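**Q** Line by line, the protein sequences give chains V and E. Converting from the first sequence to our numbering requires adding 3 to each position, the first position being numbered 1. Converting from the second sequence to our numbering requires adding 3 to each position, the first position being numbered 1.
The hints are simulated quantities; they were obtained by calculation from the structure and are not laboratory data. Incorrect hints may appear among the rest.
Pairs of lysine-lysine residues, derived as DSS-like cross-links and limited to a Cα-Cα distance of at most 30 Å, are as follows [unchecked claim]:
#  : chain 1 : residue 1 : chain 2 : residue 2
1  : E       : K196      : V       : K156
2  : V       : K77       : V       : K94
3  : E       : K254      : V       : K242
4  : V       : K79       : E       : K226
5  : V       : K42       : E       : K196
6  : E       : K242      : V       : K196
7  : V       : K188      : E       : K94
8  : V       : K188      : E       : K79
9  : E       : K196      : V       : K254
10 : V       : K196      : E       : K156
11 : V       : K196      : E       : K42
12 : V       : K156      : E       : K82
13 : V       : K42       : E       : K254
14 : V       : K156      : E       : K272
15 : E       : K156      : V       : K42
16 : V       : K398      : E       : K82
17 : E       : K94       : V       : K156
Bear in mind that the values here come from a model prediction, so they are computed numbers and not experimental data.
The chain contents come next:
Number of protein chains: 2
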Amino acid sequence: MSKKPRILILGAGYGGMMTASRLSKQLGYNDAEIVLVNKHDYHYQTTWLHEPAAGTLHHDRTRMRIESVIDTNKIKFLKDVVVEIKTAEKKVILESGEMEYDYLVIGLGSEPETFGIPGVEEHAFAIRSVNSVRHIREHIEYKFASYNGSDVKHDEDLTFIVAGAGFTGIEFVGELTERIPELCKEYDIAREKVRIISIEAATTALPGFDPELVEYAMNILEKRGVEFKINTPIKEVTKDGVLLASGEEIKSKTVVWTTGIRGSSVLEKSGFETMRGRIQVEPELRVPGFEDVFVIGDCAIIIDEATNRPFPPTAQIAIQQSSTLAKNIKALVHGSNNLEAFKADIKGTVASLGGKEAIGVVGSKKLFGTPAAAMKKVIDNRYLFLLGGLPLVVKKGKLNIF
Amino acid sequence: MSKKPRILILGAGYGGMMTASRLSKQLGYNDAEIVLVNKHDYHYQTTWLHEPAAGTLHHDRTRMRIESVIDTNKIKFLKDVVVEIKTAEKKVILESGEMEYDYLVIGLGSEPETFGIPGVEEHAFAIRSVNSVRHIREHIEYKFASYNGSDVKHDEDLTFIVAGAGFTGIEFVGELTERIPELCKEYDIAREKVRIISIEAATTALPGFDPELVEYAMNILEKRGVEFKINTPIKEVTKDGVLLASGEEIKSKTVVWTTGIRGSSVLEKSGFETMRGRIQVEPELRVPGFEDVFVIGDCAIIIDEATNRPFPPTAQIAIQQSSTLAKNIKALVHGSNNLEAFKADIKGTVASLGGKEAIGVVGSKKLFGTPAAAMKKVIDNRYLFLLGGLPLVVKKGKLNIF
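Looking at chain V on its own, in the form it has when it is part of the complex (with noise of 0.2 Å):
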């Protein structure tokens, strides 16, 4: 009997934990050896972060132990961190040792895209795990504790910086403009005297939406006293705060930044030819040269023909690409090289504004207020259902629809 391929799945975020769930419906106990390999023993959903990093939701309701949702029969879970792929000699090196493959998953995510801004890295904050929404979370309300904790008033601990307007930085203001209000009883500090400010560089908040929507975002938001600075390039992130390219400087002690995202650096390190820290991969989700390297999620760039643009890093198109990659590896196992190319389905886009405020499209279909919010946990939930069954949206879901 011969030796069962390996599937060696780097990742468990959404695309890596939906592949290795498929292939293990798809595949049998003998076809070939699921290894997931993760830097924590837990799956979170990385489009609720904005909510735990503001403090509206704990983090664990945004997470998962990964051996609790799937099927530890025929996966493997390993934690560890991936330091470098070697594809020449088809193993992954990793922090306490390295793992050859057969067929290998790149599903490594994001990290935040800086564009060469000084002081960014230093200084500000991203959204993109729990350990750092956990450190905002609890950074923003240390702030308002030093505020009220010290003798001399520094009004930039009461001065929060958003920098980038897009579909994260605006969900987490939303997220902010329900959190402040809470902060301001607990510390004994009137609302007037906290700042929220949002910054981007592009010349419209919500670039992609559609304009009415984008208004209606900004009126729900000022009205909870968000202050908007849109067509505002940053040029630096100091200790202090951020400085304009006007020269104009903000104090504040908090900046969060939220401008987009490039893919995992391990890929540049491995030597594989990337645009922004993402690889351009074949319509059936193969690294172009790499016969058994596929890439899912942010680290894959494919292009959308409708628009002759990337499809967005989002979960819906990681969760999509998780079928097509599962089908095409299962082929792979099976001998046939009938392999399918990714179609994207997007069936809409809903961001939150905090509360029971939300914008979005569905269809062709603008939705405001609360059906949009509404649809927003739907779509939360959908995807639980999807990796877990009914029982983990009971456990995890967003059950207070309306």
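Mind docking chain E on chain V? Use the hints.
**A** Structure of chain E alone, referenced to chain V:
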């Protein structure tokens, strides 16, 4: 009809609140005008502050709106900060004005005693107000979040130093041993990573307590992972930790200073003769040489004839003083010079060690463990009863006695 004399009470701590409360009951509406000035519009339980500082009790449980407790028909409350007392002009300078008095009660409380050790004011926290304990609570939690939110781990983030193993220091350490395991869970950190270090310059922890009680307390706390460094003077506090007299450095981002108190700096500023910022008063609680100025609580020094040492600056003493003080002011207002001398009646002392553990002396009886912890709560509730009757006990009391 001649003008009513004004009794001006500075500070709404134990002494000021209880004096105001007793006077409002003992004096008729036409006898005098009672004015109570305090920095905040709330009164808080100083002796409970080690709990919200550790995060084991919410600070709102330790405070109450002053106007919800006093008889506002008889006492005028003024939220203002005392800047200086001008005895020659019989007036008090406040941050936003000034006020004359016929009788003055100084109950301005205490400030942390640094003993001139460099860096204490700049780098150490003190358990002294609602604002300061919220700051400590959040600082501790923020260090857990920072540890896990940083790519590079800093052990000093998880090292907590309590300088002073006296009453407050030990009670705070006891609460920390309750809180730290919760924080470890919240931030995915192993308990063994966290150090709690109690440093005391004297030759024993809890100086003044019976050695058997001290040993019991230290055993309990050591079992919960506290490291004691007794007979270990601190030379300097820096932004990186503490330097011991021995030359050893202990790195820590959190130093809480509990080595004792001195009187309010307003007293020195106002030209009173002080010892560590406190005024040695006559047995009637009057300032020598001033017929109309009284001192109560931590600002007052009275020598205990039994020990030939000052009574400790405790809530118990301040509350007992309020009884003498109210009687004496009432006598003066009614034209009598027959004043009463303060007599202490120390009923006992109980130090909590966190959770269901405590030690104490009641009368001549030593108490350990659960009975001591229960007695501590009885003492805490007794004050609430004196101040606001049963309704206040029900609202703010520690009702889970066992």
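**Q** State for each hint whether it applies.
**A** Evaluation of the provided hints:
1. Restraint check for K196 of chain E and K156 of chain V: the C-alpha separation of about 34 Å exceeds 30 Å, so the hint is violated.
2. Between K77 of chain V and K94 of chain V the alpha-carbon distance is near 21 Å, which keeps this suggested pair within the 30 Å criterion.
3. Taking the CA atoms of K254 of chain E and K242 of chain V, the gap is about 23 Å. The hint holds against a cut of 30 Å.
4. A hinted pair counts as satisfied when its Cα atoms are at most 30 Å apart, and K79 of chain V with K226 of chain E does not qualify at roughly 39 Å.
5. For the proposed pair K42 of chain V and K196 of chain E, the alpha carbon gap of about 20 Å is at most 30 Å, so the pair holds.
6. Restraint check for K242 of chain E and K196 of chain V: satisfied, since their Cα atoms lie roughly 29 Å apart, inside the 30 Å limit.
7. With a C-alpha separation of about 35 Å, the suggested pair K188 of chain V and K94 of chain E falls outside the 30 Å cut-off, and the hint is violated.
8. At roughly 26 Å between alpha-carbon atoms, K188 of chain V and K79 of chain E fall within 30 Å of each other, so this suggested pair holds.
9. In summary, the hint linking K196 of chain E to K254 of chain V is not supported, as the alpha carbons are separated by about 35 Å, beyond the 30 Å threshold.
10. With a C-alpha separation of about 34 Å, the suggested pair K196 of chain V and K156 of chain E falls outside the 30 Å cut-off, and the hint is violated.
11. Distance check on the hinted pair: K196 of chain V and K42 of chain E sit about 20 Å apart at the alpha-carbon level, within 30 Å; holds.
12. About 19 Å separates the Cα atoms of K156 of chain V and K82 of chain E, which keeps this hinted pair within 30 Å; it holds.
13. Between K42 of chain V and K254 of chain E, the direct Cα distance comes to roughly 29 Å. Compliance with the 30 Å bound is thereby established for this hinted pair.
14. With a C-alpha separation of about 23 Å, the suggested pair K156 of chain V and K272 of chain E falls inside the 30 Å cut-off, and the hint holds.
15. Of the pairs offered as hints, the one joining K156 of chain E and K42 of chain V holds, with about 16 Å between alpha carbons and a cut-off of 30 Å not exceeded.
16. Between K398 of chain V and K82 of chain E the alpha-carbon distance is near 49 Å, which puts this suggested pair outside the 30 Å criterion.
17. With a C-alpha separation of about 29 Å, the suggested pairing of K94 of chain E with K156 of chain V holds against the 30 Å cut-off.
Of the numbered hints listed earlier, those contradicted by the structure are 1, 4, 7, 9, 10 and 16.
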